Amino acid sequence: MREARPLPPPSSRRVSGLVHTLRDAAVLVALGLLLAAAVGMARAAWSHLPAIRHASGRVGVAVPDEAAAAIPTITVALAEHDASVWWIDARSPDAFAHAHIPGAVNCPADLGDAALERIVGLWSPERLIVVYCDSAACDASRMLAEQLRRDLGSDRIRVLDGGWEAWLAAHPRQPSSPGGP
Amino acid sequence: MRASLTSWSATGERWRVLARLVVAAAFLWAGGLHVTHPFALAQSIRPYHLVGSTSAVAISRILPSLEIVIGLALACGWKQRGATLVALILLAVFTVALVQAWVRGIDLRCGCFTSSGSRPLVASVRDVLLMALAACSNRPRTTGSPLNGPPPGPPMSTDGAASKAGAEQVGTVAP
Numbered sequence: 001m002r003e004a005r006p007l008p009p010p011s012s013r014r015v016s017g018l019v020h021t022l023r024d025a026a027v028l029v030a031l032g033l034l035l036a037a038a039v040g041m042a043r044a045a046w047s048h049l050p051a052i053r054h055a056s057g058r059v060g061v062a063v064p065d066e067a068a069a070a071i072p073t074i075t076v077a078l079a080e081h082d083a084s085v086w087w088i089d090a091r092s093p094d095a096f097a098h099a100h101i102p103g104a105v106n107c108p109a110d111l112g113d114a115a116l117e118r119i120v121g122l123w124s125p126e127r128l129i130v131v132y133c134d135s136a137a138c139d140a141s142r143m144l145a146e147q148l149r150r151d152l153g154s155d156r157i158r159v160l161d162g163g164w165e166a167w168l169a170a171h172p173r174q175p176s177s178p179g180g181p
Numbered sequence: 001m002r003a004s005l006t007s008w009s010a011t012g013e014r015w016r017v018l019a020r021l022v023v024a025a026a027f028l029w030a031g032g033l034h035v036t037h038p039f040a041l042a043q044s045i046r047p048y049h050l051v052g053s054t055s056a057v058a059i060s061r062i063l064p065s066l067e068i069v070i071g072l073a074l075a076c077g078w079k080q081r082g083a084t085l086v087a088l089i090l091l092a093v094f095t096v097a098l099v100q101a102w103v104r105g106i107d108l109r110c111g112c113f114t115s116s117g118s119r120p121l122v123a124s125v126r127d128v129l130l131m132a133l134a135a136c137s138n139r140p141r142t143t144g145s146p147l148n149g150p151p152p153g154p155p156m157s158t159d160g161a162a163s164k165a166g167a168e169q170v171g172t173v174a175p
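Residue numbers (this note's numbering), protein chains in the order written: chain P, 1 to 181; chain C, 1 to 175.
Honestly, the hints are just simulated from the structure, not real lab data. No false leads were slipped in.
What follows is a set of in silico ranges between Cβ atoms, one per label pair, in the way DEER data are often shown:
| hint | chain 1 | residue 1 | chain 2 | residue 2 | range |
| --- | --- | --- | --- | --- | --- |
| 1 | P | A136 | C | L121 | 40 to 50 Å |
| 2 | C | V125 | P | R23 | 26 to 36 Å |
| 3 | C | V99 | P | A170 | 45 to 55 Å |
A short, non-exhaustive set of chain C residues, derived as facing chain P with CB atoms under 7 Å:
| hint | residue |
| --- | --- |
| 4 | H37 |
| 5 | V57 |
| 6 | R61 |
| 7 | A73 |
| 8 | K79 |
| 9 | R81 |
| 10 | G82 |
| 11 | V86 |
Please read all numbers here as calculations on a predicted model, not as lab measurements. From the three backbone atoms N, C-alpha and C, an ideal C-beta is built for every residue, glycine too.
Based on the sequences and whatever the hints tell you, model everything.
Here you go:
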């Protein structure tokens, strides 16, 4: 038979209960941070594990053919008639520095979340994103477009039909912009 | 009289569990949507003009996971008071952000559950209702429940010793 002893005063019990609640809250927040770190690592693994090297020498991310095929394309003429177009250059920084479509932002597909952070800082949902790479033969623009559609949750994303070569063909005399944002 | 009081308490307890499950479902729904499209969440945070792009991206990476953890804890009744406290804090922050956007006349969609979202005023009213539900779900216990533990009173074991939980509530603790 245990001997009972008086309970602490109500104010002390309230403080004890508050401390207990705060400790539980801290545990849950810590678990949330752990889960966020795990999700971040899983996303990074998804972005980088299936990396492939294209014929052009660029590194991209492999996606299923059916997913890539689902990204709509847009021609140079149609894109230029849309005032809300925002060009994203999926080529390498070197190629972008040499020449690019005026106003385009360089986001190589292999940059992963870093490229997305750059886009998030500049994009607004009403703008139509048009991604391009070297030509119709390269896959970097489709891969980046697929990643953008998945991560931004937006359908206003297109791939430039024919890529940079098509834009050059449509503007044979117009010098392309060096440098840029 | 005693039977009617017991029935009343049991009904109240059921409502509290229901309120808790509604808040849990809201958090799980929002967290599940945002964890698959974190950058869409970052996009919906930017128009509030409260944080920069870098902070918006950081929040979009942490918030969905935290919402899922809180939702699961509330649904399971695990660390319930802590989960309710975090839920109330999050909902209060959301409400303040929405109200300041409404007061400043910022035209935005809340982005709480979908990329389109509700108007700030509607979303803030919904958040206040969720706060009320969360607060109600955690009132002091009056009866026992499978999710909340034993009822108050002197729970006596067969050998006459009071359990620690019961003893705390009747004024004694085991040494």
